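Asker: Sequence:
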Amino acid sequence: MLNWMHYNQTVDIWSVGCIMAELLTGRTLFPGTDHIHQLNLIMEILGTPKDEFMGKISSESARNYIRSLPIMKKRDFRDVFRGANPQAIDLLEKMLELDADRRITAEQALAHPYLEKYADPSDEPISSLYDQSFEDMDLPVDSWKDLVFKEVLNFVPQPNAFGGSESASEKS
1 MLNWMHYNQT
11 VDIWSVGCIM
21 AELLTGRTLF
31 PGTDHIHQLN
41 LIMEILGTPK
51 DEFMGKISSE
61 SARNYIRSLP
71 IMKKRDFRDV
81 FRGANPQAID
91 LLEKMLELDA
101 DRRITAEQAL
111 AHPYLEKYAD
121 PSDEPISSLY
131 DQSFEDMDLP
141 VDSWKDLVFK
151 EVLNFVPQPN
161 AFGGSESASE
171 KS
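Counting along the sequence shown from 1, when you hit position 113 you're at 113 in the UniProt record's numbering, and nothing is skipped either side.
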């Protein structure tokens with residue numbers, strides 16, 4: 001958002017935290033209408049980013065915008081998620097950390113006390129790191145089209161849990 005998040009696995013953890021919050025409350029946590037509104041809603045709950053994190057924001061205009069806002073204090077998650085299990089609140093605080101370098105990893109989240117009764121380390125493979133090197137390739141549009149077309153041709157659907165490989169759209 002605002003050019004300050006580079007994709008890695010912690011973006012997925014943020015997303016899971018937002019989904020978990022919605023499951024706990026029955027409403028969208030940050031129902032922004034655009035990226036500016038979204039950022040304001042995030043800061044209303046998480047507070048103004050610390051200076052250390054501000055230094056990681058690559059967009060000068062984003063940093064300037066945040067600095068132009070009044071200082072916001074982080075809200076107590078026990079109030080935001082009133083009545084929720086204290087362990088769930090603790091996990092949410094670790095998932096909804098603005099600084100991706102400080103956010104809980106998937107492996108740590110699965111080992112968190114809130115999820116321990118569901119954890120099965122023997123069935124929790126660790127995926128390889130996401131390779132985003134293709135995103136840095138400077139190719140003409142026609143080359144990108146060819147690459148996407150080849151990717152589609154090479155796609156082989158995996159069998160589903162019921163033995164077939166039908167997608168939802170094929171069933172309709």
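What the hints contain is simulated information worked out from the structure, not anything from laboratory work. Warning: the hint list may mix true and false statements.
[Unchecked claim] Result set (DSBU-like, lysine-lysine): computed pairs, CA atoms no more than 30 Å apart in a straight line:
# : residue 1 : residue 2
1 : K145      : K117
2 : K94       : K117
3 : K74       : K50
4 : K50       : K94
5 : K74       : K94
6 : K73       : K94
7 : K117      : K56
8 : K56       : K73
9 : K50       : K73
[Unchecked claim] Derived DEER-like restraints, expressed as beta-carbon distance ranges:
#  : residue 1 : residue 2 : range
10 : D136      : E22       : 20 to 26 Å
11 : Q158      : F134      : 19 to 25 Å
12 : P157      : I45       : 25 to 31 Å
13 : I45       : E151      : 34 to 40 Å
14 : G26       : E107      : 28 to 34 Å
15 : E124      : E22       : 22 to 28 Å
16 : P86       : G47       : 18 to 24 Å
17 : E151      : G55       : 17 to 23 Å
Source: prediction; values computed, not measured. Even glycine gets a Cβ: it sits at the ideal position worked out from N, Cα and C.
Asker: None of the hints should be skipped; say for each whether it holds.
Answerer: Going through the hints against the structure:
1. As the CA atoms of K145 and K117 are separated by approximately 46 Å, the hinted pair breaks the 30 Å bound.
2. Between K94 and K117 the CA atoms are separated by roughly 19 Å; this keeps the pair inside 30 Å, and the hint holds.
3. Between the alpha carbons of K74 and K50 the distance comes to roughly 11 Å, so the proposed pair stays at or under 30 Å and holds.
4. Proposed proximity of K50 and K94 is supported: the alpha carbons are some 16 Å apart, at most 30 Å.
5. For the suggested pair K74 and K94, the alpha carbons sit about 14 Å apart, so the restraint of at most 30 Å is met.
6. As the CA atoms of K73 and K94 are separated by approximately 17 Å, the hinted pair is consistent with the 30 Å bound.
7. Proposed proximity of K117 and K56 is contradicted: the alpha carbons are some 36 Å apart, above 30 Å.
8. For the suggested pair K56 and K73, the alpha carbons sit about 20 Å apart, so the restraint of at most 30 Å is met.
9. Between the alpha carbons of K50 and K73 the distance comes to roughly 11 Å, so the proposed pair stays at or under 30 Å and holds.
10. The beta-carbon spacing between D136 and E22, approximately 34 Å, falls outside the hinted interval of 20 to 26 Å.
11. At about 22 Å, the beta-carbon gap between Q158 and F134 stays in the expected band of 19 to 25 Å.
12. As the Cβ distance of P157 to I45 is approximately 40 Å, the hint placing it in 25 to 31 Å is violated.
13. In this structure the supplied range 34 to 40 Å holds for I45 paired with E151, their Cβ-Cβ distance being about 39 Å.
14. Between G26 and E107, the C-beta spacing of about 29 Å keeps the proposed range 28 to 34 Å intact.
15. Checked against the given bound of 22 to 28 Å, the beta carbons of E124 and E22, roughly 24 Å apart, stay inside it.
16. Here the CB-CB span from P86 to G47 is close to 21 Å, well matched to the stated 18 to 24 Å.
17. Remark: the range hint 17 to 23 Å for E151 to G55 is contradicted by a beta-carbon distance near 37 Å.
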